[in-house]
Amino acid sequence: MRIDLVARAQRSRIREIAAPVAAMAVAILIGGVVVALMGRSPGTAFDVYFVEPLTQSYSLQAIAVKATPLVLIATGLAFCYRANFWNIGAEGQFIAGGALGGWLGLLTHDGALQGAIGSWWILPAMMILGAIGGALYAAIPALLKVRLAVSEILTSLMLVYVAQLALDWLVRGPWKDPEGHNLPVSVNFDPEASLPLLVDGGSLHLGVLFAPVAVALAALVFSKTLFGYSVRLAGASPRAARFGGFDDRAIAIAVFMISGGLAGLAGVVEVSGKIGQLLPSISPGYGFSAIIVAFLGRLSPVGILVAGLVLALTFVGGEDAQIAMHLPGDLTLAFQGVLLVCVLAADVLARYRLFFTWGWGARS
Amino acid sequence: MEPRSGEQRLNPESAISSPGVVADEAPLLAARAISKRFGSFVANDRIDLALARGEIHALLGENGAGKSTLVKILYGLLSPSEGEILWQGAPIALANPNAARALGIGMVFQHFSLFDNLTVAENIALALPTSERLETIPARIAEISRAYGFALEPDRPVYSLSAGERQRIEIARCLLQDPKALILDEPTSVLTPQEVEKLFETLEKLKAEGRALLYISHHLEEVKRLCERATILRLGKVVATCDPRAETARSLAALMVGAQIKEVRAAGAHGLGEPRLVVAALSAPSPSPHGVSLKDVSLEVRGGEVVGVAGVAGNGQSELFAYLSGELVAGRAEAIRIDGEAVGDVGIAGRRALRAAFVPEERNGHAAAPDFTLSENIVLTGHGADGMTRAGFIDARKALDKSNEVIATFDVRKSGADPLARTLSGGNLQKFVVGREILSAPGLFVVNQPTWGVDALASAAIRQALLDLSARGVAVLVISQDLDELFEISDRIAVLHAGRLSQPRVARLTTREAVGLLMAGMDEGDHAH
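Protein chains in written order, with my numbering: chain A, 1 to 364; chain B, 365 to 893.
Source of the hints: derived by calculation from the structure; they are not laboratory data. Take these hints with a grain of salt, some might be off.
[As the list claims (entries may be wrong)] One-sided and incomplete, this derived list gives chain A residues near chain B with beta-carbon spacing under 8 angstroms:
no., residue
1, Ile3
2, Gly118
3, Trp121
4, Leu204
5, Leu206
6, Phe222
7, Lys224
8, Phe227
9, Ala236
10, Ser237
11, Ala240
12, Arg242
13, Gly244
14, Arg298
15, Ser300
[Said to hold, decoys possible] With a Cα cut of at most 27 angstroms, we get these calculated DSSO-like pairs of lysine-lysine:
no., chain 1, residue 1, chain 2, residue 2
16, A, Lys176, A, Lys274
17, B, Lys778, A, Lys224
18, B, Lys588, A, Lys224
Since the model is a prediction, treat every value here as computed from it, not as a measurement. Here a beta-carbon is modelled for each residue, glycine too, at the ideal position from N, C-alpha and C.
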């Protein structure tokens, strides 16, 4: 049997919106089968994963806090992926930003560096440093790509491990809290270096506002500006982009630094708003999950906002399921993988029609 | 590349019986009511075709008329949706090209499938059964060369050969399998006029042996010379079967297009202005390993003048265009001057700022982004123009207005308000791309293959637009493989061969033969071999 993919003549807006929804439904069905095979009730699992988290204030806050880094990173990744550059290393850029921004939090610990001007500048400076840290870290694969034609997929991915181990060393070495009972942790950030909470006694912090702002700005850049146009053009028709006079090297470096900058910002928001100190590991894999978010959101900023919330829901629901149903945490990651495969498959089906030919007939 | 393994051997006194067409005999190869649908698109609609022994039968039609689909069906590459293929009167099913070759149907493709780094003999051996020994190949090539009068050197690597020589390898590959019917798809599109003559001699010999030839072309003069019958397709249907010798090129073209084609009208008397493009001793490497480097190219195009650059494909045309447009930068500023300004080290955007406009050969993905709308494609080359962007923001309204102006001025047929570029037909997209650049009010206009793959009506419109442009004092440089086109619109013609550009000649005072010799890399003093 042979399967042919034939491009559909017309693009349909409805089909393109329906595709990720259908992908989600299929992924949930597959997840249900897996849960059933593990001897649990799929109905209960669906309830725990997807319904209950939406009914409690604390879990709604947790979803927003989880979605923030996913949406920020995925919005940045959309710039890279739209331009056809494959930044797989957002996780490393997240860590680089968290570490550089968090470093300022450590430097200003106990009123240091504050003198006459006070402490108002610390948080903004941490945010900016975080973005710079991520952007510079992402510039490494970008420069290797445009100068030496090294695959950005490999370099950006490898740099994740460099960042993870560097942070691990810093927190076990120079940045270790001297009074921390020799645990590999930094001191806790002062309130001046911590993003304030929006709800008393909750987990919702000021940093969650960065996500919708980034989404709105990205949507504006993509739809209205010449820069956004050049990014889309470079990805869709690189030769036409060069003919148009757009410098593909400059675009490569720009999209990597935007992507890294947003990932770095997400990193510093995470340490300053949620964790409150530097740890050997500051991310449960946001940089990788954000790749799924970017594609689930069809590389459109608004789509990414929705997709980020959906994926955050699976994280929060997954934690609940570990407690309530003793389902392993890895099931959440497996489900996210299934979801990505379904989304990519739905994407193909939205653009192409399948033709089945039985036997080995003539080529067409 | 499809697998090739024929079992036939060359045998000049083979089973082919008496030469000439015998009236009461069934045609060698016939299509009866063949239809082929791709989804809702009907590429072939109940096509009948009969190919007799000892005839050269022309298959005529515009791009998209269904010629390629039909021959792919006859060669077993596609299976028909309806209808049947008859071989000597008996219905057959062709599962794949091997089955077609086993019957005795051969095909020479427009695009060669040869390995550049292998020799002629090795390339031919690849198409033969594995039992064939490489040592025997040169003798068989010599045999073919003697029988059909074309020279092939077995030990030459393919990359060192001209397009005409490469085509002979393809033909030799077919002939070694002793085909009774031979399909040739646009065989002359990459040949010089002299090479075309050689090819025709070979085809006449094949015909005299009683083989049937199906000859696909859009060069009507060639068809009138070579063929005694023609089947004309339009929009997937047979619109006429005729004797091309009894028709005129104009009447054949009218049948193909379904309308009369206007003659391009000369630009009228206008004076020549200052040189607007001056290229001085431009030497530049090709970016691709098998590409052609430019060697010491010098050229001058004055305002109000159309200069044509002729040449066989792959002699440095795309490199010349890339360096003239600034997509590739030569480095030496003085090598290229636009209106006196040295721009050899300036990129394409800087050259556009000097009112130079460029149209590359490839529409989809080079001149236009296929998945962008037409108004977005206006921005592609127009983003530097006045008012198109403000503080980094695109004025979408202005882009749409400009797009509509291009569409109205150049009669671009499209569906929807602002459709994606890829939904336009080739001719309409070409009119849009050429029109976009013309309406940018250029002083210099450089275009590569302006009517490649474009239907006759759109071609005439584009050529007229180029002449009108020159009448307004614009310097127009046309790079083209179509000699008819160049003679129709050029004031002077230069020839690009192996990256070197000849002295331009006044078009009225030179001949196709003289240009053809230059295309083959010979001066008129030499003789064609």
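Structure-based check of all given hints:
no. : hint                : result
1   : Ile3                : violated (16 angstroms)
2   : Gly118              : violated (36 angstroms)
3   : Trp121              : violated (29 angstroms)
4   : Leu204              : violated (34 angstroms)
5   : Leu206              : violated (29 angstroms)
6   : Phe222              : violated (11 angstroms)
7   : Lys224              : holds (5 angstroms)
8   : Phe227              : holds (6 angstroms)
9   : Ala236              : holds (5 angstroms)
10  : Ser237              : holds (4 angstroms)
11  : Ala240              : holds (5 angstroms)
12  : Arg242              : holds (6 angstroms)
13  : Gly244              : holds (4 angstroms)
14  : Arg298              : violated (14 angstroms)
15  : Ser300              : violated (15 angstroms)
16  : A:Lys176 - A:Lys274 : holds (19 angstroms)
17  : B:Lys778 - A:Lys224 : holds (25 angstroms)
18  : B:Lys588 - A:Lys224 : violated (55 angstroms)
Figure legend: structure checked against the earlier numbered hints; hints not met, in rising order: 1, 2, 3, 4, 5, 6, 14, 15, 18.
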